[in-house]
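S.K.: If you read the sequences in order, they're chains A, R, F and D.
Quick note: the first sequence, position 259, residue 258 per numbering that gives the first Met the number 0, numbers continuous.
Quick note: the second sequence, position 85, residue 84 per numbering that gives the first Met the number 0, numbers continuous.
Quick note: the third sequence, position 243, residue 242 per numbering that gives the first Met the number 0, numbers continuous.
Quick note: the fourth sequence, position 128, residue 127 per numbering that gives the first Met the number 0, numbers continuous.
Hints are not guaranteed to be accurate.
A pair holds if it fits inside one copy or across any two, identical chains being indistinguishable in the list.
Straight-line Cα separation of at most 16 Å, EDC-like style, residue types lysine to aspartate or glutamate; simulated pairs [claimed, not checked]:
1) Lys-213 to Asp-228
2) Lys-202 to Asp-228
3) Lys-213 to Asp-230
4) Lys-213 to Glu-231
5) Lys-98 to Asp-230
Calculated directly from the structure, the hints in this document are not laboratory data.
Just so we're clear, the structure is a prediction, and the values are computed from it rather than from any experiment.
4 protein chains.
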Amino acid sequence: MSRMTDTWILAAQCPSILGTVDVVTRFLKEQHCYITELNSFDDRLGERFFIRAEFRPELDAFNEQSFQEGFERRAAEFGMTFELTPPAKRTGAVILVSKADHCLNDLLYRYRTGQLPLDIKAIISNHPDLESLASWHDLPYYHLPITPETKAEQESQVLDIIEDTGAELVILARYMQVLSPRMCELLDGRAINIHHSLLPGFKGAKPYHQAYEKGVKLVGATAHYINNDLDEGPIIAQGVEPVDHAHYPEDLVAKGRDIECLTLARAIGYHLERRVFLYNGRTVVFGN
Amino acid sequence: MSRMTDTWILAAQCPSILGTVDVVTRFLKEQHCYITELNSFDDRLGERFFIRAEFRPELDAFNEQSFQEGFERRAAEFGMTFELTPPAKRTGAVILVSKADHCLNDLLYRYRTGQLPLDIKAIISNHPDLESLASWHDLPYYHLPITPETKAEQESQVLDIIEDTGAELVILARYMQVLSPRMCELLDGRAINIHHSLLPGFKGAKPYHQAYEKGVKLVGATAHYINNDLDEGPIIAQGVEPVDHAHYPEDLVAKGRDIECLTLARAIGYHLERRVFLYNGRTVVFGN
Amino acid sequence: MSRMTDTWILAAQCPSILGTVDVVTRFLKEQHCYITELNSFDDRLGERFFIRAEFRPELDAFNEQSFQEGFERRAAEFGMTFELTPPAKRTGAVILVSKADHCLNDLLYRYRTGQLPLDIKAIISNHPDLESLASWHDLPYYHLPITPETKAEQESQVLDIIEDTGAELVILARYMQVLSPRMCELLDGRAINIHHSLLPGFKGAKPYHQAYEKGVKLVGATAHYINNDLDEGPIIAQGVEPVDHAHYPEDLVAKGRDIECLTLARAIGYHLERRVFLYNGRTVVFGN
Amino acid sequence: MSRMTDTWILAAQCPSILGTVDVVTRFLKEQHCYITELNSFDDRLGERFFIRAEFRPELDAFNEQSFQEGFERRAAEFGMTFELTPPAKRTGAVILVSKADHCLNDLLYRYRTGQLPLDIKAIISNHPDLESLASWHDLPYYHLPITPETKAEQESQVLDIIEDTGAELVILARYMQVLSPRMCELLDGRAINIHHSLLPGFKGAKPYHQAYEKGVKLVGATAHYINNDLDEGPIIAQGVEPVDHAHYPEDLVAKGRDIECLTLARAIGYHLERRVFLYNGRTVVFGN
């Protein structure tokens, strides 16, 4: 299950028709690629097929470009889109935070120890508080304050950093700002947020306080791709913890921190290993 | 934790002031009652105190009436309301069902084996399907069909049965009818419903289908007292199970059955053992 | 995920070499069989490959025997063993019980409602207690008492019933007898037991009492194939529940019942849907 | 549930006799101490009573010494031992580690953010690797290598540091050394270890590898007080995660890290808040 250092990933999706598995696995066989992990899902309601293969080329002559071109021809017959990911790929990422540091601290630990194959390009915050944490990990920290008046400009600065660094992934690690529709659109499918409730319950501000008011016996966290509908983007992962009447709002906040960290880290790990597929506002996640 | 066959329960609540614990425990000591289990909670936001004691009288001379009268005087000073429950008390109950039998089957098993100290007075359904299940357990079954036109009359019949049998508790074990406001009011605080979602998410009809549409990664069930606000009554217990993209609505329905049974049984158990306190639209539950 | 009523299952295993996936999926394509669910696992430590496909023949001309024979030739090249399971297959089973009825009650409910595609041939017990439960489900009940002197004879009677009824699966639903080595051998790979602990912790008798003595904070249950080593057979599924100091042994027994039922039912469901593979004393389980 | 900054803790235990609750709560009432949280447990098998009260003195005249002396007289009648803990108490602690940094990193985060009221006096390791982590938190780091020959001497050095710093608690945060019997004895009841398995399963070395061999479907971690019997000390907390056949030993190691961190942090939190009572080789834990 742990990804080997020498395996490639092929992730693909297409409409459901006869032969979708075969077109992938036959090609891998022909190319002398040994499949080390294989997942597929045929969505009979969405009539959509998803497949992910980890494989190890058995011939020294394996060539990325010719594999890519060769498979393109086969995939085209099925209307299949695909992505090929080389071994040891580290995904460039920008992290957005505000003042709360628990998710950032957790992500940086996993980054530092190689648990998450990230190449963190920048940490951006609307507050100065977390700079020293970034510094200790030798990461650039941009303090970009935000006010109603400067919001558009601040977002442009954020987008510039994302573009300049070539980051493929944006992580909102408890970034307490609502992104503008334009920003959401530009980051569609490549920005992951952690919301501190079991969505669709308790959207918006202060979800733990909402949970307290409602008297729920479980609280949780939801990692999802952002889209233009606040806290409504496609869900990648959710975590949950039991609570009771004795948990005041601040206890829910405290208890929730660990779930938020774990849920966000899990979602990012899935994304980085190309285990997540987006289609029609929902995700297919070949988790582990 | 398991209740002994010879223990009484004293459950009480009052405003938060100095001496609330002492007034209870001192009286028990004076009455030579040995406390076998004690739970209390002082709600500093609601400024309300809750206490539950299981105790065993050590003197043969223990007398329920004099205990009751003696404690009433003490409790009055604190504005404390309380309930005294004798050993081996079985609570009279009426169960409402429709066609789905999983919760009923589960409850009847726990009833038959003594896991739930219920005295089931009647099973009422708007469908005839579950009569044989009731019969096998030697329980009266009332088939009271319901149409928009007969709803008021049917509810009157249901209420008559509840009243005639002296049932203290009404269990809605997947009863697929919305109760009228009048019915909700009359059953306030003594009717427990199981809703097949993690409330407040997915209220109303077909919650598993809603959950599928939303693409959640967790589904659950919520046991709550009914009130006049559909699926908004005070929550007693919640259960949860992980799911993924491969769970179609009918899979969620199937997976949810076990959680519904367990969550409803847990809530009823808490209610019967006087572990649940209602205050201000929320519950305090001294669970185990 | 829920199995369609018109899908076949192909389950196979063989040594790990290039082309193991391809040999299966190519054949299915050639036979115009549409794959609705596909799972595979290549065990790089055990150097063993496992695959399970659910598929729907798209041609009316689909013929079981010719599929079987055709695939046998392909499989032979890979040293692959396989099993083909037709739609709507119900597996013949014999259930062994003693006095505790919770697992039996749960299984019979799932059997009656079609949740488990079982064809229960007989219920055998060393006690008479559960006969009425069997009767209500119109199932034959054999009361075969056991003493140290009659153990061999009783086991022969049990084996006779299994053989006479053609049962493929034997379920030990809290059967409180240690099977003889001969019995274990004869039932190798087709008898599932539920043990009321998280194996390998607390093997043998009275595991909840052992758990209490040890002061654990979690209890659980383990469903496993029986083998000749008491409570050491290959594990199929495990379930767990948190407990605390206030749970006396009888509370653990009570709390454990639900986990035992759920864990056993889950393991049987996996087995019946050919999701479990046995190899080298371990299982591969393509769960859901 | 979250401890207020102005509350004291009274934790006590004694033999089970009539009046044990009353002697505590009556005294608190007389001293005008408002109980904000109360937990008690009467162990009917061990015939032992445990109580923990958080309280807030309502009079300015509250005096620790006179409270202590006054309660000592009352407690003596019941053979009750007790401990009084002032508000804002931070417990002095020494942390032992080897090379693995996940638990240390997690503890230091919770220490830095005040989630765990620790006063970390020193970090001691038999390896130099984690010094920079200690430095970033401005904590002294002692690299005390260990060989079979120097084990006794190294332990003496460790004990000296514990004694010199006045540390009340020793945390073994994945310290991969077996402590000598003398060391265990000296640290009895005040050293918490995290073992990476669900004890009593998989004691000793390489528990995840043992778990892989056994093919379990759940792995976990156990936080316990050390005693002279390897991995057999009284359990404080346990955590668990589901796994499957696709988890190789290194995957179990990776997956287990989060559970280890959470379980150790939970146990330490309970210990620091005086929620853990030791008696007869078992714990009573008034968790939250």
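S.K.: Taking the earlier hints as the rules, which of them does this structure contradict?
M.R.: 5
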